[in-house]
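Visitor: So the chains spell out like this:
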Amino acid sequence: MAVSPASRFGFRNSSVAQKLWQWLFHMPWTWRITLGYLTVMLFVPIAAMFLKASTEGPVNFWRIATSPVALATYNVTFVTSILAALMNGLFGTLIAWVLVRYKFPFKRLIDASIDLPFALPTSVAGLTLATVYSNNGWIGSLLAPLGIKVSFTRLGVWVAMIFISLPFVVRTVQPVMQEMEREIEEAAWSLGANQWQTFRRVILPPLFPAILTGVALGFSRAVGEYGSTVIISSNTPFRDLIAPVLIFQRLEQYDYSGATVIGTVLLLISLVLLLLINLLQAWGRRYDD
Amino acid sequence: MTTRKEMNSQMNNSKAAPSEQKSWIPAILIVVAIAYVSLVLYIPALNVFIQAFSKGVGPFFANLTRPEFLHAVQLTVMLAAIALPLNTVFGLCAAWALTRHRFPGRAFVLSLIDLPFSISPVVAGLMIVLLYGRQGWFGGWLQEHGLNIIFAFPGMVLATAFVSMPFVAREVIPVLEELGSDQEEAAKTLGANDWQIFWRVTLPNIRWGLLYGLILTNARAMGEFGAVSVVSGNISGKTQSLPLFVEDAYKQYETEAAYSAAVLLALLAVVTLVLKEILERRTRIKDVE
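Chains A and B are the protein sequences, given in the same order. Just so we're aligned, residue 6 is where the first sequence starts under our numbering, counting upward by one. Just so we're aligned, residue 16 is where the second sequence starts under our numbering, counting upward by one.
Source of the hints: derived by calculation from the structure; they are not laboratory data. Any given hint might turn out to be false.
Sample of chain B residues at the chain A side, in silico, Cβ under 8 Å [as the list claims (entries may be wrong)]:
hint	residue
1	Phe75
2	Ala77
3	Ala112
4	Ser126
5	Glu262
6	Ala273
7	Ala281
8	Leu282
Below, in silico cross-link-like pairs of lysine-lysine (DSS-like), each with a Cα-Cα straight-line distance of 25 Å or less [stated by the list, open to error]:
hint	chain 1	residue 1	chain 2	residue 2
9	B	Lys70	B	Lys291
10	B	Lys291	A	Lys112
11	B	Lys253	B	Lys266
12	B	Lys291	A	Lys154
13	A	Lys108	B	Lys253
Remember, it's a predicted structure, so these values are computed and weren't measured experimentally. No residue lacks a Cβ here, since even glycine has one placed at the ideal position from N, Cα and C.
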């Protein structure tokens, strides 16, 4: 009895394996370019990172990943990012609401300018935020008499993270709000619900997945942010040093394993966040039908 | 004293005519939204221009003619000029492959394409160092052949291409999806070859989406700081792109030079936003038709 190559490799369904085999050999050139580019640019670098991290061994990996300096940077990075993302969750929803529902002067201009953080290079954002929020800057000088120091503190890192993650909530919530039917709200009104009840029971539920997705996207961006935060922060360990800057410092000291371990931790967290965002988006689509 | 009955009737009134009652709520929401956006976006953005011209136009232009600065501009333009076509070819191929074929795991590949956005730029740079650096996978081979990638131009190209990879694919995929393949199949039955179909049928249909992707790719490529900063070594006049120049000048307390360069990058951001708005308006008009 002839044994096909597919079943020799233990495939139960040999036709699937043969299809895969054929597909790999008769791939259209668009697929070759796509997979080739992804391999060179994405798969190989990620593999290099994980393999380098795995040479450390679990004990050493854990020791570096949970060293006091590293733990302090996770604290600054993640706690500050989530606070910035939540802040934008609140105000981003408000901005989206105002832009969708009300008419006021310069509305189009304001709408267009929300994307500024995507277009403005992060080093420019860091530079100008550090100046504006420094003790003798436009806004910082108003806060200084109150004893609030923003630039070169953790508060400054928070401001920079708010800046770069602002568009995410607005841009995920806006289209959902636009498609919401006013009739349902009016029905709630006519049934005797007050404004707060209408908002909480009618408007918020379909918006909630979009808000959460926006917060998760903003959080994920803030966690990885480097350019603006490195400039506005004093980069002092245990105070306002963020994880990406720690990776950079480790590399500058030629401590490749230190950089790789912390980089792997960050990479794993962004992968988990990406998965979470995909799930949230799937959850949001349940209202589509 | 108001009786319970009167209060009830007042409440009923407010329920009956929600739009007339509480007209101050929209006003307050608009003011809060604008105040938030001003604190986070507008005041810092305005500050870039005012700082750059704080001592008049003379020093501004003097800064712009410095050789390190001109070199940085040249380098930034070159980085974008290489990353742009690479990512366009990849983006078009990936979009075509993913919209014209249905296969298991398609959703997974779609979210893989977004991965460079969720990976921290510093981690992206680190991965390139782990591949091509002195101790990296290809480090030995590269050294034997006298090739420098890290702390040199090729590494900066890789970092730039990595971080700006998803834009074209991401903008073109929804357009292609909505378009369907009817027109392409019609062209095929009429005897057009693949290239003719792409050039005569597909490209005219996706041109605005593609242009949009190109603008975003260009903005990110010219503005990238984190990833480029890790692999470039940041040598003034050699491997210093414009965003790196901004940070370096700021660190050397040459605030004015930093702001002169920042103005150029901010203008790039403004142009990006304006073009984006024009393109969005065009596609919106098409939708209405």
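Visitor: Against this structure, judge whether each hint is valid.
Guide: Hints, verified against the model:
Interface restraint check for Phe75/B: the shortest CB-CB distance to chain A comes to about 16 Å, outside 8 Å, so the restraint is violated. Here the hint on Ala77/B is broken, as its CB sits about 19 Å from the closest CB of chain A, past 8 Å. Evaluation of the Ala112/B hint against chain A yields a held restraint, the C-beta minimum of about 5 Å falling below 8 Å. Because the smallest distance between the Cβ of Ser126/B and any Cβ of chain A comes to about 6 Å, under 8 Å, the interface hint for this residue holds.
Residue-level restraint check for Glu262/B holds (minimum Cβ-Cβ distance to chain A is 5 Å; threshold 8 Å). Here the hint on Ala273/B is kept, as its CB sits about 6 Å from the closest CB of chain A, short of 8 Å. Taking 8 Å as the C-beta contact cut-off toward chain A, the hint placing Ala281/B at the interface holds, the least distance being around 6 Å. The beta carbon of Leu282/B is not positioned within 8 Å of any beta carbon in chain A (closest approach about 10 Å), and the interface hint is therefore violated.
Distance check on the hinted pair: Lys70/B and Lys291/B sit about 33 Å apart at the alpha-carbon level, beyond 25 Å; violated. For the suggested pair Lys291/B and Lys112/A, the alpha carbons sit about 16 Å apart, so the restraint of at most 25 Å is met. For the proposed pair Lys253/B and Lys266/B, the alpha carbon gap of about 18 Å is at most 25 Å, so the pair holds. With a C-alpha separation of about 37 Å, the suggested pair Lys291/B and Lys154/A falls outside the 25 Å cut-off, and the hint is violated.
Proximity of Lys108/A to Lys253/B is assessed by CA-CA distance (about 51 Å); at most 25 Å being required, the pair is judged violated.
Violated hints for the displayed structure, listed by number in ascending order: 1, 2, 8, 9, 12 and 13.
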